[in-house]
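Oh and the sequence shown: position 412 is 413 in the working numbering, straight run, nothing missing.
None of these hints come from the bench; they were simulated from the model.
Where is the CB? At the ideal position from N, CA and C, for every residue including glycine.
Among the clues, some could well be false.
[Claimed, not checked] Label pairs and their calculated CB-CB ranges:
no., residue 1, residue 2, range
1, T141, N100, 39 to 49 Å
2, P102, L403, 15 to 25 Å
3, D104, R214, 35 to 45 Å
4, T428, S207, 46 to 56 Å
5, T406, G282, 36 to 46 Å
6, R220, Q415, 31 to 41 Å
7, P418, R215, 37 to 47 Å
[Stated by the list, open to error] List time: in silico DSSO-like cross-link candidates among lysine-lysine, alpha-carbon distance up to 27 Å:
no., residue 1, residue 2
8, K283, K303
9, K423, K395
10, K391, K426
11, K173, K218
12, K423, K391
13, K218, K283
14, K303, K218
15, K283, K307
16, K395, K307
17, K395, K426
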Amino acid sequence: MIQPSETNQWNEIFNTNVSPVNVNVVADRSRFRTRGRCVLSPVCVVSVVSVELMCCRCRGQVRLVHGSGATGLQLVQSYSDSDEDSDGAWEGRLGDRYNPPVDAQPDTHEVDRSEIRTQILLATGSSTLKGRHSFTHMLTEREQGRCRGSSFSHGECSRIRTHFLPNYVSHKDTYQQKAFCGVYSEDGNMFLSACQDQNIRLYDTSRGRFHLRRTVKARDVGWSVLDVCFTPDAHHVLYSSWSDYIHLCSIDGDSENHTALDLNPDERRFCVFSLAASTDGKEILGGANDGCLYVFDLDQNKRTLKIDAHEDDVNAVAFADSSSQLLFSGSDDALCKVWDRRTLREDRPQPVGQLAGHRDGITFIHSKGDARYLISNSKDQSIKLWDVRKFSPKEGLAASRLAVTQQNWDYRWQQVPQRALKRHKLTGDTSVMTYRGHGVLHTLIRCRFSPEFSTGQRFIYSGCSTGKIIIYDVLTGSVVTRLSGHDACVRDVSWHPYEDNIISSSVSNASLKHTELPFVFLSQSVITCVLSANVTC
Numbered sequence: 002m003i004q005p006s007e008t009n010q011w012n013e014i015f016n017t018n019v020s021p022v023n024v025n026v027v028a029d030r031s032r033f034r035t036r037g038r039c040v041l042s043p044v045c046v047v048s049v050v051s052v053e054l055m056c057c058r059c060r061g062q063v064r065l066v067h068g069s070g071a072t073g074l075q076l077v078q079s080y081s082d083s084d085e086d087s088d089g090a091w092e093g094r095l096g097d098r099y100n101p102p103v104d105a106q107p108d109t110h111e112v113d114r115s116e117i118r119t120q121i122l123l124a125t126g127s128s129t130l131k132g133r134h135s136f137t138h139m140l141t142e143r144e145q146g147r148c149r150g151s152s153f154s155h156g157e158c159s160r161i162r163t164h165f166l167p168n169y170v171s172h173k174d175t176y177q178q179k180a181f182c183g184v185y186s187e188d189g190n191m192f193l194s195a196c197q198d199q200n201i202r203l204y205d206t207s208r209g210r211f212h213l214r215r216t217v218k219a220r221d222v223g224w225s226v227l228d229v230c231f232t233p234d235a236h237h238v239l240y241s242s243w244s245d246y247i248h249l250c251s252i253d254g255d256s257e258n259h260t261a262l263d264l265n266p267d268e269r270r271f272c273v274f275s276l277a278a279s280t281d282g283k284e285i286l287g288g289a290n291d292g293c294l295y296v297f298d299l300d301q302n303k304r305t306l307k308i309d310a311h312e313d314d315v316n317a318v319a320f321a322d323s324s325s326q327l328l329f330s331g332s333d334d335a336l337c338k339v340w341d342r343r344t345l346r347e348d349r350p351q352p353v354g355q356l357a358g359h360r361d362g363i364t365f366i367h368s369k370g371d372a373r374y375l376i377s378n379s380k381d382q383s384i385k386l387w388d389v390r391k392f393s394p395k396e397g398l399a400a401s402r403l404a405v406t407q408q409n410w411d412y413r414w415q416q417v418p419q420r421a422l423k424r425h426k427l428t429g430d431t432s433v434m435t436y437r438g439h440g441v442l443h444t445l446i447r448c449r450f451s452p453e454f455s456t457g458q459r460f461i462y463s464g465c466s467t468g469k470i471i472i473y474d475v476l477t478g479s480v481v482t483r484l485s486g487h488d489a490c491v492r493d494v495s496w497h498p499y500e501d502n503i504i505s506s507s508v509s510n511a512s513l514k515h516t517e518l519p520f521v522f523l524s525q526s527v528i529t530c531v532l533s534a535n536v537t538c
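Make a model of the complete structure from these sequences and hints.
Structure, rendered in structure tokens:
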């Protein structure tokens, strides 16, 4: 039971006056949000195992852990809703017994009349989704001289590749700790991984190889490296952690030159959850736990912009296209925001527009690369496809904010409550399509568009808390395939830009094994590779 005599201790910790509030206990844990100050009732007579307070001022959580008697009460503060510095968040294995909901009949009304449908059909050599010719039929057409120039077009090659998605597993390397990130370079000749052992590993993946090229010891790491990316010239890598700095490290030559890029944050405990480099390699974009966007200019060697972008953690950032003028950000406030780099001002930050429709925080965003379409992954167990030319109205923003405040569960260690799986659209939801069939638990799970060269960006692929990779058809919303191979959450996924293989980062303890046609998984103890059959066009 909470005693009034203990309120002085809470006042000292929160540095604010305590005023009464209503505490609603759900199971053994209560969680609520307050605007302005953290408050706790000094006359609460509810005995609970733990109480969590959410506050926008400190952007964190305070857990009141109940022991034996009043002296057994312990206050523990966690500074972010996306805080991944607790191993308890990773204890959920495949035994979660969570079966992600799937839309039996996805609503394709908006995507059927969208421009992206035309783009994908042209990129895959199709005129319609119906009557898709089989691989053997297409070969017969070519041998009979019915193809233009007696050979397959690039679009027809892409269409053939859609019949041969990655599906076989083999292991390539062994790690002793948890793998968090894994990404291919733009040309596909290198693969970069980050592990909780504070090592960043660079692999040579050119000409079908998968050899460890070098290992870089990350610096100033708090708990783990949380994001990595290549610079456009692939001569340097960027990485972030629970630190005031983004680190830039050269990967050419024998020496390792580390440069700490100071973001000068105001928060005492600070983390950049997401990184992106501009196409010209001059600017670094970061999203942080203080709700801000940061832009660091490498030529000037200083932070040039700090934008108060969201009401909660910024979990994801991206450039819209190669021009590097439009920026995307996604946050735990469930909103995607679009920013124009040319009009951004620190004293009056205004987004070009906002995209609302998710019911819970956003874990990742990925741009199609055309400055028009992007996808967002969310803790509401869905991926949404957006058109930046269709921003959400005020009622949509209000509906999304209200839905977030009604979420009283923690995705890091709790199972998804049934009430969180609502499928009807929120008022003002302007998304083009919604995809369901993967689980988003324990960590900031990522999703991406499939490569343009090999698939015409026909698919969306995502990690899953059940240890799978889920591949969706962009135009139908259906789950095309589920790739198994892990016994724990898949956090990151990366599809080779030109070849038929995917790398996924997980925390599983899989055994070492090889198959004849490899597909690639990156796990806590192993890297596994899965490739589909090669197709010669």
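Broken hints, by number: none
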